[in-house]
Amino acid sequence: MASVPSEHDASPKRIPIALKILVAGGFGAGKTTMVSAVSEIRPLQTEERLTGANHTDSTEGVEAKTTTTVTMDFGRITINEDLQLYLFGTPGQDRFWFLWDELAHGALGAVVLADTRRLADCFPSIDYFEQRGTPFIVAVNCFDERRFGIDAISRALDLPAEVPIVEFDARVATGARDVLIELVEYVARRQLAAA
Amino acid sequence: MIRPYALTQGRVAPQDCEFDMVAFVVATPARWDSGIPLQPEHHAIIEASWEPMAVVELASKIDLAIDVVRVLLGDLRRAGLISLYEPPAAYMPHNIDVLKAVVNGLRAL
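Chains as they are written, first to last, in the numbering used here: chain H, 166 to 360; chain S, 82 to 190.
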């Protein structure tokens, strides 16, 4: 289970493996709540690339502003000394798509948080992971007493039958943990089926 | 307040390699005569990475934007002051034993 060194260096230090899990969903769906329920959460500064900007008319000597700093959160779970799990609460707004490709690259999988009051908010995340082939599960954050059946949610989201849908409370550590276990077990099942 | 890319002389990407968010870097001792001028931020990275540290942790710890940290890491790598370990997950399917270990570790939380 050793990491692969990309250069010739006889470092005596053990290098852990880090796995990425994405936590996606619409604004206010509980991404940060979930990440902080299971891990120590920390801020990460990233640069948002303003791809919509038109640079052709920028005056010589005056640089066009093409980036702006945004902060996203991440959390780490130490599984053992060789294995770390990084959780990224992926900003759901369109202007953050640039981050998604990098986060999804090599990711173990994704949890799409669904809020039944605003189910459509998670459509872009589901579309993205389906197109990319990133394994994902849908976790329904139970904010209130209004419960919808899993079947109804599955139909509303037009999900393939094999995609797990679980209900949980993002504020409770064991709830968030169980969602992660569900995801990893789903990824393992997919892996075995493909083998 | 310094504009982020002032630290990198305007460079927005490292010259010769990518640094995955969850790649690990480790400072390599004994090459202080690297010949490149180091800024305080370079030193901060070296100080923070005597133990293996993920790029994303490093950026959070020294409180710089991750792409700025990547440029600085590129400088340090060219100067032989850090080693880079890319995550194997980025280019191989996730090993079933690793997945089992993750599930067991999560259950133990």
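Read the hints as simulated data drawn from the structure, not as lab findings. For every residue, glycine included, the Cβ atom is placed at its ideal position computed from N, Cα and C. One should not assume that every hint holds.
[Said to hold, decoys possible] Below, in silico cross-link-like pairs of lysine to any residue (SDA-like), each with a Cα-Cα straight-line distance of 20 Å or less:
| id | chain 1 | residue 1 | chain 2 | residue 2 |
| --- | --- | --- | --- | --- |
| 1 | S | Lys142 | H | Ala358 |
| 2 | H | Lys178 | S | Glu167 |
| 3 | S | Lys181 | H | Tyr351 |
| 4 | S | Lys142 | S | Ala125 |
| 5 | S | Lys181 | H | Glu212 |
| 6 | H | Lys178 | S | Ala108 |
| 7 | H | Lys178 | S | Thr109 |
| 8 | S | Lys181 | H | Asp334 |
| 9 | S | Lys181 | H | Thr339 |
| 10 | S | Lys142 | H | Thr339 |
| 11 | S | Lys142 | S | Leu119 |
| 12 | S | Lys181 | H | Arg354 |
| 13 | S | Lys181 | S | Gly161 |
| 14 | H | Lys178 | S | Leu119 |
| 15 | S | Lys142 | H | Asp238 |
| 16 | S | Lys181 | H | Asp238 |
| 17 | S | Lys181 | H | Lys178 |
| 18 | S | Lys142 | H | Thr234 |
[As the list claims (entries may be wrong)] One-sided excerpt, in silico: chain S residues whose CB lies under 10 Å from chain H:
| id | residue |
| --- | --- |
| 19 | Leu88 |
| 20 | Val103 |
| 21 | Ala125 |
| 22 | Ala129 |
| 23 | Trp131 |
| 24 | Ala135 |
| 25 | Lys181 |
| 26 | Val184 |
| 27 | Arg188 |
| 28 | Ala189 |
| 29 | Leu190 |
[As the list claims (entries may be wrong)] Chain S residues, not near chain H, derived (Cβ > 12 Å throughout):
| id | residue |
| --- | --- |
| 30 | Glu99 |
| 31 | Leu119 |
| 32 | Pro121 |
| 33 | His123 |
| 34 | Val149 |
| 35 | Ser164 |
Against the 20 Å threshold, does the CA-CA distance of lysine 181 (chain S) and arginine 354 (chain H) hold or violate the hint?
Status holds; Cα separation ~11 Å.
Hey, does the leucine 88 (chain S) contact hint survive, CB to chain H under 10 Å?
12 Å, violated
Check the hint pairing lysine 142 (chain S) with threonine 339 (chain H) against an upper bound of 20 Å on the C-alpha distance.
28 Å, violated
Proposed proximity, glycine 161 (chain S) with lysine 181 (chain S) (alpha carbon, max 20 Å)
36 Å, violated
Taking only the CA atoms, is the gap from lysine 178 (chain H) to alanine 108 (chain S) under or equal to 20 Å?
Holds, at roughly 11 Å.
Going straight from one Cα to the other, do lysine 181 (chain S) and aspartate 334 (chain H) come out at no more than 20 Å?
At roughly 24 Å apart (the allowed maximum being 20 Å), aspartate 334 (chain H) and lysine 181 (chain S) break the hint.
Checking one constraint from the list: CA of lysine 181 (chain S) to CA of glutamate 212 (chain H), max 20 Å. Satisfied?
35 Å, violated
Between the alpha carbons of lysine 178 (chain H) and threonine 109 (chain S), is the straight-line distance 20 Å or under?
At roughly 11 Å apart (the allowed maximum being 20 Å), threonine 109 (chain S) and lysine 178 (chain H) satisfy the hint.
Between the alpha carbons of lysine 142 (chain S) and threonine 234 (chain H), is the straight-line distance 20 Å or under?
16 Å, holds
Is the hinted pair lysine 181 (chain S) and aspartate 238 (chain H) satisfied, with a Cα-Cα distance of at most 20 Å?
Distance ~26 Å between lysine 181 (chain S) and aspartate 238 (chain H) Cα, so the pair is violated.
Please settle this one: histidine 123 (chain S) was flagged as non-interface, so is its CB more than 12 Å from every CB on chain H?
18 Å, holds
Against the 20 Å threshold, does the CA-CA distance of lysine 142 (chain S) and alanine 125 (chain S) hold or violate the hint?
Distance of about 9 Å is within 20 Å: holds.
Checked against the numbered hints above, the structure breaks hints 1, 5, 8, 10, 13, 14, 16, 17, 19, 21, 22, 30, 34 and 35 and satisfies the rest.
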